[in-house]
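Visitor: One letter stands for each residue in the lines below.
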Amino acid sequence: MWDLRLYVIQRATAMLMVPLILAHLVIIFYATQTGISAEGILSRTAGSLGWAVFYGVFVVLAAVHGAIGVRTVLREWSPLRGGLLDAIMFIFAALLIGLGARAVVAVTMPGGLGT
Amino acid sequence: MSANDGLGAKTQLRAGTAYRRDWLWVAAFVHRLSGIGLAIFLPMHFLALGLAIEGEASLDGFLKWTQNPMVKIAEVGLVALLTLHLLGGIRVLLIENMTWQPGQKSMAIAAVAVSILVGLLLAVYLF
Amino acid sequence: MTSADTISSETIDVSVWRGGAEGRYETFAVPLRQNQTILDVVTWIQRNADPTLSYRFACRVGMCGSCAMTVNGRPRWTCRTHVSKVVENGKVELGPLANLPVIKDLAADMTSFFEKWQKADGAFVPSKTRHDPIEEILPNTPARIEASAAIECINCGICFAACDTVRWQDEYLGPAALNRAWTLVNDERDAGKSDRLRAVAAAGGCHACHSHQSCEQHCPQKLNPTASIAGLKRLTMHAYLRGDL
Numbered sequence: 001m002w003d004l005r006l007y008v009i010q011r012a013t014a015m016l017m018v019p020l021i022l023a024h025l026v027i028i029f030y031a032t033q034t035g036i037s038a039e040g041i042l043s044r045t046a047g048s049l050g051w052a053v054f055y056g057v058f059v060v061l062a063a064v065h066g067a068i069g070v071r072t073v074l075r076e077w078s079p080l081r082g083g084l085l086d087a088i089m090f091i092f093a094a095l096l097i098g099l100g101a102r103a104v105v106a107v108t109m110p111g112g113l114g115t
Numbered sequence: 116m117s118a119n120d121g122l123g124a125k126t127q128l129r130a131g132t133a134y135r136r137d138w139l140w141v142a143a144f145v146h147r148l149s150g151i152g153l154a155i156f157l158p159m160h161f162l163a164l165g166l167a168i169e170g171e172a173s174l175d176g177f178l179k180w181t182q183n184p185m186v187k188i189a190e191v192g193l194v195a196l197l198t199l200h201l202l203g204g205i206r207v208l209l210i211e212n213m214t215w216q217p218g219q220k221s222m223a224i225a226a227v228a229v230s231i232l233v234g235l236l237l238a239v240y241l242f
Numbered sequence: 243m244t245s246a247d248t249i250s251s252e253t254i255d256v257s258v259w260r261g262g263a264e265g266r267y268e269t270f271a272v273p274l275r276q277n278q279t280i281l282d283v284v285t286w287i288q289r290n291a292d293p294t295l296s297y298r299f300a301c302r303v304g305m306c307g308s309c310a311m312t313v314n315g316r317p318r319w320t321c322r323t324h325v326s327k328v329v330e331n332g333k334v335e336l337g338p339l340a341n342l343p344v345i346k347d348l349a350a351d352m353t354s355f356f357e358k359w360q361k362a363d364g365a366f367v368p369s370k371t372r373h374d375p376i377e378e379i380l381p382n383t384p385a386r387i388e389a390s391a392a393i394e395c396i397n398c399g400i401c402f403a404a405c406d407t408v409r410w411q412d413e414y415l416g417p418a419a420l421n422r423a424w425t426l427v428n429d430e431r432d433a434g435k436s437d438r439l440r441a442v443a444a445a446g447g448c449h450a451c452h453s454h455q456s457c458e459q460h461c462p463q464k465l466n467p468t469a470s471i472a473g474l475k476r477l478t479m480h481a482y483l484r485g486d487l
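Residue numbers (our numbering), protein chains in the order written: chain W, 1 to 115; chain V, 116 to 242; chain S, 243 to 487.
Mixed in with the good hints, there may be bad ones.
[As the list claims (entries may be wrong)] Here are a few chain V residues that sit away from chain S, every Cβ distance over 10 angstroms (derived from the structure): (1) Ala133; (2) Ala143; (3) Arg147; (4) Met159; (5) His160; (6) Gly165; (7) Ile168; (8) Glu169; (9) Gly176; (10) Asn183; (11) Val207; (12) Val227; (13) Ala228; (14) Tyr240.
[As the list claims (entries may be wrong)] Listed next, the in silico DSSO-like pairs over lysine-lysine satisfying Cα-Cα at most 27 angstroms (straight line): (15) S:Lys333 to S:Lys346; (16) V:Lys125 to S:Lys464; (17) S:Lys327 to V:Lys220; (18) S:Lys346 to V:Lys220; (19) S:Lys333 to S:Lys435; (20) V:Lys125 to S:Lys333; (21) S:Lys327 to S:Lys435.
Hints in this document: simulated from the structure, not taken from any laboratory.
Quick caveat, the model's predicted, so the values are computed rather than measured.
In this text, a Cβ means the ideal position worked out from N, Cα and C, and glycines have one as well.
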């Protein structure tokens, strides 16, 4: 029941992300209205546990959801089959979680960075 | 009467995909394309924000680059992609998990229309 | 031909697939008649122009589901499709049903279509014997209403030919087989439910469906396989979350 398991995980991550994406869109509009700057972003997020949790959860959900989606697309639109598909899915999820975690750490580390 | 006039050269059987000329199919296709677009964009998005780890200055350098009009257009496109995929996804979740509702075609068209509007709204904010 | 029933000397250009996987489109000028169906056109060609034309039909009145073909790029039941409804600039293009191998001309090989019915556990499993009294089935229970809404499938294969998931995933069971499974899952007389849920939850089962709804748009019986498949998705997901699958 591997495909069913992936289906359930993909739908569950989708449902959980609905409020997060809505919040993300609101933040995008709010941030662009005031002009985007590193200072602006970091003053909001640096040292904030709340934002760290928000973006951390968001990253994991998006990584898992996106990786399962990539597997489905490759299953249908590429000649790849079987274990190779799952391998690509896991690698893609790991890549997104790794890069995403780095980004979350970068913008929520206490005190901001560099300056 | 009859005419065996059209004996053409050997050819391929045509695909028979005219069923794709339908809003519901277009909505599903756009949902997939927006998903692929987001999968390509996400690693770059995380890399860009990760620049903050090298200090505010390098992130600011990147954000200056985003003042470039071409980049702004791309950002509008991304927000439209995210909205498309969100609304298309909500549509799929409703179809799959609720009892069937009529009017699926209007839902599909509305999802595409709202996404374009959100994209345009961001364009107004950015420019 | 004597043409008391032709409405004029007008003809339509009918381009017909000839051959197997390799072949060509051959064009015939077919006289236009009143209330003419696509099946009438094909029959006219076979009787008057080329007796070697292969195609499949039986009842001619929309019950048997054997005459489905690709008409101007869309799968249709040809016995109930009027020429006037589909003709484009005096032309009609006919091919065998898509997503199936061609046998010859307009006859597609339906083997994989029916094999997938078997694979989806589309056969009724009796829970009683002939010695038991006949069971009373109420028509208004929720399960029976679901089953009745999906039961009138005539196995024509149109949904199968109009489905991109079938096109893109060779192992996908397809709308008709899953719709059939849904009617049996809702049939209180059936004894094969847990095996069937397992069959439709396997790889290539109901979860592969992307809800394109082309099956619903093209079903000549106005059934909604997408809704049936969504029902299977819910049932299998709940069974999975309970640990039953």
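Visitor: Output the indices of the hints that this structure fails to meet, ascending.
Guide: 1, 2, 3, 11, 16, 18, 19, 21
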